[in-house]
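S.K.: Read off the chains here:
2 protein chains.
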Amino acid sequence: NQILVSDVNELNQAIKDAKPGDKIVLKNGNWKDAELLINAKGTPEDPIIITAQEKGKVFLTGLSNLRISGEYVEVSGLVFKDGYTPTSEVISFREKKGVYANHCRLTECVIDNFNNPERENTELWVALYGKNNRVDHCYFTGKRSNGVTFAIRMVDEACRNNNHQIDHNYFGYRQNLGSNGGETMRLGTSHYSLSTCGANVEANYFEYCDGEHEIISNKSCGNTFKNNTFFKCRGTLTFRHGHDNTAEGNFFIGNGKDHTGGIRIINERNKAINNYFYNLKGYRFRGALVIMNGIYNSPINRYNQVIGGVFSNNTFVNCDHVQLCAGSDSERTAPPIDSKIENNVFYHDSKDNIFTVYDDISGISFSNNYINTGVKPLLKDGFTVVDMKLVENESGFLFPVSDQIKNAGCSLSSPVATKENTGVTWYPIVNEELTFDNGKVIKIEPGLNSLFDAVESSEPGDIIILAKGEYVNSKVLSIKHPLTIKSEKEKEASILSEKNNMFQIENGGALKLIGVKISGSESPDMAGNSIISTSKYSMNRNYKLIVENCDIEDLTVNHSFDFLRIYKSTFADSIVFRNCNFLNVSGNIASLDKETDDLGIYNAEYVVYENCTFKNIGGVILNLYRGGTDESTFGPILKFVNNKVFNSGKNKRNKIGCSLYLHGVQWAKIDSCNFIDSAPIKLNLSKDEPIIKFSNINIYPKVSIISNSNEFSLINLTHKKQ
Amino acid sequence: NQILVSDVNELNQAIKDAKPGDKIVLKNGNWKDAELLINAKGTPEDPIIITAQEKGKVFLTGLSNLRISGEYVEVSGLVFKDGYTPTSEVISFREKKGVYANHCRLTECVIDNFNNPERENTELWVALYGKNNRVDHCYFTGKRSNGVTFAIRMVDEACRNNNHQIDHNYFGYRQNLGSNGGETMRLGTSHYSLSTCGANVEANYFEYCDGEHEIISNKSCGNTFKNNTFFKCRGTLTFRHGHDNTAEGNFFIGNGKDHTGGIRIINERNKAINNYFYNLKGYRFRGALVIMNGIYNSPINRYNQVIGGVFSNNTFVNCDHVQLCAGSDSERTAPPIDSKIENNVFYHDSKDNIFTVYDDISGISFSNNYINTGVKPLLKDGFTVVDMKLVENESGFLFPVSDQIKNAGCSLSSPVATKENTGVTWYPIVNEELTFDNGKVIKIEPGLNSLFDAVESSEPGDIIILAKGEYVNSKVLSIKHPLTIKSEKEKEASILSEKNNMFQIENGGALKLIGVKISGSESPDMAGNSIISTSKYSMNRNYKLIVENCDIEDLTVNHSFDFLRIYKSTFADSIVFRNCNFLNVSGNIASLDKETDDLGIYNAEYVVYENCTFKNIGGVILNLYRGGTDESTFGPILKFVNNKVFNSGKNKRNKIGCSLYLHGVQWAKIDSCNFIDSAPIKLNLSKDEPIIKFSNINIYPKVSIISNSNEFSLINLTHKKQ
Ligand SMILES: [Ca+2]
Ligand SMILES: [Ca+2]
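So the protein lines, in turn, are chains A and B.
Quick note: my numbering has the first sequence finishing at residue 727, numbered continuously throughout.
Quick note: my numbering has the second sequence finishing at residue 727, numbered continuously throughout.
Honestly, the hints are just simulated from the structure, not real lab data.
Accuracy of the hints is not assured; some may be wrong.
Intra- or inter-copy, both count: the list cannot distinguish identical chains.
Straight-line distance between alpha carbons at most 25 Å, and here's what the computed PhoX-like set of lysine-lysine pairs gives [stated by the list, open to error]:
| id | residue 1 | residue 2 |
| --- | --- | --- |
| 1 | 102 | 496 |
| 2 | 657 | 599 |
| 3 | 660 | 573 |
| 4 | 674 | 286 |
| 5 | 687 | 660 |
| 6 | 573 | 599 |
Let the sequences and hints guide you as you build the complete structure.
M.R.: Structure follows, in structure tokens:
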């Protein structure tokens with residue numbers, strides 16, 4: 006029996022009447038604010054099928070979601086986009102608490118950028134409950150708000166030992182969340198992590214899953230991760246909680262991208278066998294292989310000791326870091342025991358030292374591992390240095406080869422998971438990156454609001470070129486997409502504003518300013534003006550801001566006039582100030598400190614200040630803040646080099662009382678900088694091994710760098726008058 | 006010549022072609038995103054007229070504004086609503102910098118709730134530039150975002166000595182802004198305050214203009230304020246800067262409302278003559294008459310000494326405060342000199358002490374003033390105590406009458422400005438207050454989302470009655486208008502949520518919860534949940550929250566679970582918790598501290614905690630915060646009585662480390678409260694004479710109230726174990 010339904014009421018009626026073998030077909034079109042509840046019972050032979058009239062032509066938009074419960078129900082062909090779920094889950098394998106789906110299947114469905122506009126609101130895209138369900142050949146891309154993309158929920162017995170099958174799905178782009186909660190997949194939670202989940206995650210393709218440092222957070226027992234591909238994903242497959250899990254036949258392809266990692270191991274009898282790791286650059290918890298120290302008698306939500314771990318027949322090619330006993334500290338004192346690292350091949354063509362050992366590794370037995378010439382073996386025993394060559398295999402991957410390697414390294418038989426053999430065939434794959442300068446060139450002349458008009462009519466990637474003269478704007482310049490604004494000849498065009506803010510970067514926006522002069526002289530006489538701000542609302546797309554070769558001056562009409570003003574629930578991929586002169590500013594240059602709940606959330610990943618001069622700045626040059634003790638993120642990452650700071654940071658309204666303040670920053674290079682007659686530099690370092698390096702710093706008059714700890718390096722501090 | 010135009014292009018063409026005497030008629034309808042520029046030259050005899058096809062049927066909506074420049078242009082009949090200006094001014098008497106209107110008139114126009122959604126964005130509704138312009142018979146109501154409603158701008162010579170006429174306008178409801186910038190009218194700024202403005206503000210009606218403590222901020226010389234009525238307005242007509250201004254024949258009708266004031270005087274030769282003051286309750290700078298201390302050699306933006314002030318023939322009926330040398334402190338040390346207070350009548354039927362003197366009043370001569378029997382005269386000389394009777398005059402105002410009063414008190418000849426003789430006749434006047442319980446009653450039964458569905462379909466003022474049972478919601482309950490939710494029988498209905506927040510008060514919303522149980526037991530296992538939140542976005546309408554007879558418990562699934570979570574750029578008229586029990590909360594009850602820029606902005610006006618019990622609260626019971634030194638506001642105002650606090654405030658994430666924190670609160674009564682095994686009480690008092698009274702406080706174990714100053718009173722502090 007096949008029934009075509011065209012709205013939710015018809016669907017509900019059809020489901021009520023449905024008999025095993027029935028096929029309910031959703032009519033092509035836009036189903037807006039549609040909450041679908043499929044509660045039906047098919048049989049193993051005759052499932053009830055819910056599908057689209059044509060696959061990819063039924064769109065769930067607005068406040069929509071899907072609940073599947075009952076048995077032997079199969080849903081396919083739906084696309085969720087242009088909206089978000091009104092509940093906490095987009096696709097849920099339950100009707101409500103205690104009423105689950107079993108033996109049901111979700112196949113060939115798409116969720117595309119279906120996000121709550123509130124970045125911090127937590128939603129799952131797929132929540133698996135019940136048992137024996139399958140999710141396959143789905144495409145999930147563009148998860149941008151808080152919450153796991155795909156979760157197996159183990160809330161009660163009816164959801165454990167579940168035998169779920171998750172295969173041939175394409176997990177696409179997930180931007181850096183800048184916070185915990187950006188996992189692409191999670192199996193269980195710490196609460197139930199000693200129960201068996203028993204899921205099989207096989208032959209899925211993960212691409213640019215950069216949400217946080219756990220691509221997959223395994224928090225239960227007895228799961229298998231097999232033949233999946235992780236392509237340029239920041240983070241690791243993490244065996245965070247639970248025992249007896251296996252990662253086998255997976256490909257981790259970093260291609261040299263920052264923070265790409267492999268497998269991180271905690272707990273008992275977890276195995277990493279026959280995996281391939283290529284060009285992974287992650288360090289600390291994001292190494293290619295990370296075996297952690299545990300805690301004796303660990304609470305369930307902390308770190309169990311690694312016992313009985315097996316790490317064998319893996320191949321590592323140009324991976325920078327293998328970390329043993331990682332996380333060793335006064336709490337994590339239990340090193341791995343009864344574990345084996347054997348039959349692995351480690352190849353690196355440019356780094357001689359790839360192993361880091363943080364504690365006692367006598368509990369790990371090493372045997373028959375191979376290293377190429379030039380790389381330092383971890384131990385004498387168990388490692389053989391041999392000459393290897395990289396040879397491309399039939400799938401195009403480089404494998405180290407040598408006659409001397411015996412029974413070691415991975416040998417992969419199944420086809421590798423790719424873009425092509427996962428997900429759906431009928432839905433376009435879009436590059437989600439914000440890109441500058443790929444649009445058209447727009448030349449404009451000076452005049453009241455001529456720049457405003459050009460910005461309003463611009464399209465993504467456009468370049469607005471300003472002829473010589475003054476550009477006064479009586480309206481806020483609203484930046485809704487990547488846009489470059491450039492002076493035709495360097496510093497001949499000046500931009501002014503009569504509003505309390507000149508540029509506002511909206512959700513989806515990115516701004517590049519090149520060679521312009523910016524003045525605050527026409528800004529209104531009120532406290533709290535700014536030149537550039539983010540949206541005041543949550544932005545669930547990360548933005549970029551690049552300011553190069555610009556002169557910025559006279560931000561002084563009233564107090565607290567900031568150059569960059571950001572708001573809570575916004576996140577910058579990158580903020581770059583290069584070759585700029587900032588002169589006379591009553592407020593801050595950039596105070597990136599709006600996440601003060603100290604939940605590990607922060608406001609910018611990469612921050613670059615390079616070759617800039619700052620003179621008479623009342624507030625901070627930079628306040629870069631990440632509070633709390635969360636360990637799931639990578640940034641903030643700061644490069645602050647070749648800058649000169651004069652007479653800055655000393656306004657009484659500058660509450661933190663310093664010119665440069667770094668709080669919880671994870672990586673910073675501060676080199677060749679001059680601080681003259683300015684408020685001090687202050688550090689509040691976190692405990693998660695930040696890398697903070699100062700070199701060639703001149704501070705006059707002499708004053709110390711204020712810090713809560715001495716875990717930073719400082720080379721060549723001088724106090725010359727200049 | 007009369008030309009009908011139907012869009013902006015046609016209008017522009019018509020204006021280009023316009024000749025003196027032409028009449029350009031805007032077609033009836035909705036002009037969306039219309040920026041009108043009227044740059045034309047009429048003559049005194051033949052002005053160019055821009056008007057509506059029918060008055061009140063031409064609506065400027067969306068991002069719209071109006072600029073008038075040129076000469077002898079008259080604009081009438083337009084209505085601005087449902088939008089806001091894209092620039093900083095809605096109606097501007099200039100084209101751009103330096104290009105002004107002269108001899109132009111705006112008449113019978115309306116601006117109705119035409120506000121930027123961003124509460125803090127600063128916009129003027131009417132900005133007068135140039136000279137000899139008139140604004141009359143307009144209706145301005147519902148200004149809700151930052152910025153003066155009506156301003157005379159004196160930016161250059163062409164705008165001074167301007168002879169502007171502002172008459173017969175109706176200035177309607179302006180809600181409490183909770184910040185500086187809420188003036189209804191401003192004439193000049195401190196910069197040019199020693200220049201002559203020369204405007205005449207006559208026969209206007211001001212109603213509920215409650216934006217801040219200056220209803221009118223006069224900041225220039227030579228202005229007249231004549232025969233205006235101020236009806237139930239919080240604040241005063243303030244002669245803030247500038248000399249030689251006169252307030253004459255005005256009516257200040259407080260009708261017993263909080264913070265209603267009269268005239269506040271600073272600077273030289275300012276006069277208050279023949280005014281009538283009725284039932285004004287304001288204190289401090291909001292007295293019926295406030296004559297301030299100045300600063301010797303004051304900077305232009307501070308306080309000039311009062312010299313040559315004349316305060317005569319005024320009548321005060323039941324006004325609580327007349328303040329002399331107000332603001333006297335270590336900076337304001339210059340008392341009024343060469344001034345007269347004469348021929349005034351002061352009547353009060355219930356308060357014996359209406360005068361407060363803060364410094365030397367020998368520079369004021371007092372003569373022929375009358376006081377009724379029972380009120381204490383300020384001095385022996387210059388005041389006569391007589392028996393008076395209140396008699397209603399023909400306009401319905403009560404005047405004190407006695408045969409013994411000679412040549413004193415006000416005598417008003419012109420008709421009083423009223424709703425009826427000001428503004429326009431063709432536009433409805435709407436009460437803007439949020440009102441509970443004037444809608445229909447909706448009875449509902451327990452069930453998943455039954456409450457959600459009822460809230461969604463509710464209308465303003467509705468009352469939702471819950472039958473006994475559990476109300477689980479998988480979606481956020483979004484409160485978009487005043488709504489009451491009430492258990493049919495007290496505490497038999499429980500409300501639970503599967504979302505990280507249960508109730509969200511949106512812009513325009515107000516919530517009253519009566520007799521329900523609220524539990525966090527179904528809330529998601531994540532940090533930072535809440536039961537009630539404001540919008541995360543700016544709210545430009547003040548909200549109300551009332552929680553009575555409720556039990557709230559088990560907000561503990563994870564850390565930082567708050568009862569009330571507010572966001573920046575929101576403002577509560579009132580937050581009331583009465584007869585409630587709060588048990589086991591991992592976060593805060595209410596942390597009203599989101600305006601940390603310390604610009605004098607705060608988050609709630611009236612806060613009441615009465616007869617409540619708090620047990621095992623991890624965070625603060627209340628954090629009430631107003632930062633900075635701004636003096637333009639009234640609140641926060643706190644009543645905290647008969648509460649019991651047990652084992653609270655001690656969670657390590659409670660950064661401020663106390664159970665009750667008051668920062669910059671302006672008025673507080675804390676009476677009959679018990680703090681047992683809890684974090685301390687902490688005060689950060691501002692310097693603007695806050696009134697903070699503690700009485701009958703028991704704290705066990707013994708610990709002091711921590712305070713930055715001893716400017717609070719404390720009666721009967723005990724340390725009993727109970
Ligand atoms: Ca995580
Ligand atoms: Ca003010």
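S.K.: Work down the list of hints and note, for each, if the structure agrees.
M.R.: Verification of the hints:
| no. | hint | in the structure |
| --- | --- | --- |
| 1 | 102 x 496 | between (63 Å within a copy, 24 Å between copies) |
| 2 | 657 x 599 | both (20 Å within a copy, 21 Å between copies) |
| 3 | 660 x 573 | both (19 Å within a copy, 19 Å between copies) |
| 4 | 674 x 286 | within (18 Å within a copy, 61 Å between copies) |
| 5 | 687 x 660 | both (13 Å within a copy, 20 Å between copies) |
| 6 | 573 x 599 | both (5 Å within a copy, 11 Å between copies) |
Violated hints are absent here; each numbered hint is respected by the structure.
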